[in-house]
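Participant: Quick note, the sequences are listed as chains A and B, same order. Per our numbering, the first sequence starts with residue 3, numbered consecutively. Per our numbering, the second sequence starts with residue 93, numbered consecutively.
If you are wondering where the hints come from, they were derived from the structure by calculation, not from laboratory data. Fair warning: there could be bad hints in the mix.
Stated by the list, open to error - What follows is a list of derived Cβ distance ranges for each label pair:
1. A/P469 - B/A106: 43 to 49 Å
2. B/A106 - A/V368: 40 to 46 Å
3. A/Y158 - B/G102: 41 to 47 Å
4. B/W117 - A/P469: 31 to 37 Å
5. B/W117 - A/A16: 38 to 44 Å
6. A/R120 - B/G102: 33 to 39 Å
7. A/R120 - B/W117: 33 to 39 Å
8. B/W117 - A/A12: 41 to 47 Å
9. B/Y101 - A/V368: 21 to 27 Å
Ideal Cβ placement from N, Cα and C applies to all residues, glycine included.
If you want the building blocks of each chain, they are given just below.
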Amino acid sequence: MSSDSLVFIAVVAAYLVTVTAIGIWGYLHTTTEEDFLVAGRSIGPWVGGCVLAATQISAGTFVGTLGRHYFTGVSWIWIWFGAWAGWLTSALLVAPRLRRFGALTVADYIGQRFASERARTLAAALIIVSYTIYLTAQFQASGEIASAVFGVRPIYAMVLLIASTALYTLLGGVRSSSYVDFLQTMLMMLGLFLGVPVVLQTFGGLQPLGQYLESLDPRITAWWFSWREILATSLAFGLTLAAAPYEMTRYYSMRDVQTVRYAIGISMAIQAIIGSSVMILGLGMRGLFPVLPSADQASSILAASVMSPLAGALFLVGMMSAIMSTVNSILIVTAGAFAHDLYARLINPRASQQRLLLVNRVAVVVLGVVPVWFALQRFGDVQAIVVEQSKFIASFFFVPVVIGLSWRRGTKEGAVAAMAGGFAACLAWTFTLQRSFATHGIDAVEVGVAMSALLFVVVSRLTPPTPAANLAVFFDGVSDARSHHTPVL
Amino acid sequence: MNGFGWSFYGFFIAAAAWIAAYFVWAARQR
Numbered sequence: 003m004s005s006d007s008l009v010f011i012a013v014v015a016a017y018l019v020t021v022t023a024i025g026i027w028g029y030l031h032t033t034t035e036e037d038f039l040v041a042g043r044s045i046g047p048w049v050g051g052c053v054l055a056a057t058q059i060s061a062g063t064f065v066g067t068l069g070r071h072y073f074t075g076v077s078w079i080w081i082w083f084g085a086w087a088g089w090l091t092s093a094l095l096v097a098p099r100l101r102r103f104g105a106l107t108v109a110d111y112i113g114q115r116f117a118s119e120r121a122r123t124l125a126a127a128l129i130i131v132s133y134t135i136y137l138t139a140q141f142q143a144s145g146e147i148a149s150a151v152f153g154v155r156p157i158y159a160m161v162l163l164i165a166s167t168a169l170y171t172l173l174g175g176v177r178s179s180s181y182v183d184f185l186q187t188m189l190m191m192l193g194l195f196l197g198v199p200v201v202l203q204t205f206g207g208l209q210p211l212g213q214y215l216e217s218l219d220p221r222i223t224a225w226w227f228s229w230r231e232i233l234a235t236s237l238a239f240g241l242t243l244a245a246a247p248y249e250m251t252r253y254y255s256m257r258d259v260q261t262v263r264y265a266i267g268i269s270m271a272i273q274a275i276i277g278s279s280v281m282i283l284g285l286g287m288r289g290l291f292p293v294l295p296s297a298d299q300a301s302s303i304l305a306a307s308v309m310s311p312l313a314g315a316l317f318l319v320g321m322m323s324a325i326m327s328t329v330n331s332i333l334i335v336t337a338g339a340f341a342h343d344l345y346a347r348l349i350n351p352r353a354s355q356q357r358l359l360l361v362n363r364v365a366v367v368v369l370g371v372v373p374v375w376f377a378l379q380r381f382g383d384v385q386a387i388v389v390e391q392s393k394f395i396a397s398f399f400f401v402p403v404v405i406g407l408s409w410r411r412g413t414k415e416g417a418v419a420a421m422a423g424g425f426a427a428c429l430a431w432t433f434t435l436q437r438s439f440a441t442h443g444i445d446a447v448e449v450g451v452a453m454s455a456l457l458f459v460v461v462s463r464l465t466p467p468t469p470a471a472n473l474a475v476f477f478d479g480v481s482d483a484r485s486h487h488t489p490v491l
Numbered sequence: 093m094n095g096f097g098w099s100f101y102g103f104f105i106a107a108a109a110w111i112a113a114y115f116v117w118a119a120r121q122r
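For reference, chain A alone in the conformation it holds in the complex (with noise of 0.2 Å):
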């Protein structure tokens, strides 16, 4: 075994053992389900913001946003205010409401805010696909990564991520996760950091760069993408984020509502440093090698052939942070929602919470396992996979919580005709009119969104209204008794 090699395993182990005891130090904190899926509400605004930032950054990030910076240059950066545009209607319009309303997962939200429980179940159901297809692309992720950077078999990355995932999330739940997810935004750094001053000094600084790369294609350093392809692309980060089940689901595990509000602020700065570092590299790697063949073997290769060992490994862990971060808070998102609204409202309503919290535990290495079948069949590219799901997720769930926060009088009806006619609206234009994005520029995402809220308005108007005690928590400023922060550390 070659001294690169051991490094390597040297670095991997050590930061396997962390998160391992991060999550044994959870498990001795988490005695009922709201410890574990909601931390006993005690995160502050730093972990939180880490928490927000790492659910966020994935594999699309280290390897489909560098790769489209590798091909398209400077200007995909600008996709960026799109997504803090999502995170700035959260934090005007969702999150001081949701936080004041003391649940536990997204479903529950919308069975309380239209008093209905099909309406939750079907949340709880399309939660539970829609992430279960997105899981699918984080493991095909690290898979791919594995193959190209050390030429194993892709099952045993994705074996050892999820081993390791699964088994800190169904120790602490999101105590541990939380805590893990804040070292894993420090290491997503930390690698990115390392990368940059590589590949700028091979050039001699950013300028010399700058030069070389406009000499390849003008494009690249000015203006890849037009105006309107950005505010298209802009308009659908936006819709996803605003409303996304696995982020949302971490506003319950705060302190308070203020304490949301700088989380978000602190996640779009951790974002805007991570995205300008992905930026720097991809357009590094471009002067570097010219003509890959896969805009996406980018960042595989930057870690094995253009820096230091140590500091690729590093860069490596910072890749397994990504994936690993996002996978934890998917698992907790569907484990919360089957033993929560699914278990322990239509199979077991009687379970205790020693029994709540085992089915937890099992939901999360089932939830996880089933993901790997698929991965291993390779339905679709890594960047599609993510990019396609969080569309449809926008589809069904931005209006029934966005506008289902801001309108008294939306009603069950309408969030149940709003989820489904999102969705379907939204798969109907991806297998249709999608392939003309180029000449009409709308976007699967605004379609699903614009019918989702045309039915919920239409179907809420001609159905009773939502009993005045359900929607006390959300609109009269009540707080919820469940809500307040339970210390235990």
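Since chain A is already given, all that's left is putting chain B on it; use the hints.
Facilitator: Using the frame of chain A, we list chain B on its own:
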């Protein structure tokens, strides 16, 4: 040959302004 232009540098200025404005707003909330 000028290298990077305002599509590059403009992002850093705009992002810093956006985040600073966000924190000013957040601090003024209850």
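Participant: Hint by hint, work out which the structure violates, then give me just those numbers in ascending order.
Facilitator: Going through the list in order, the structure violates hints 6 and 9 and respects the others.
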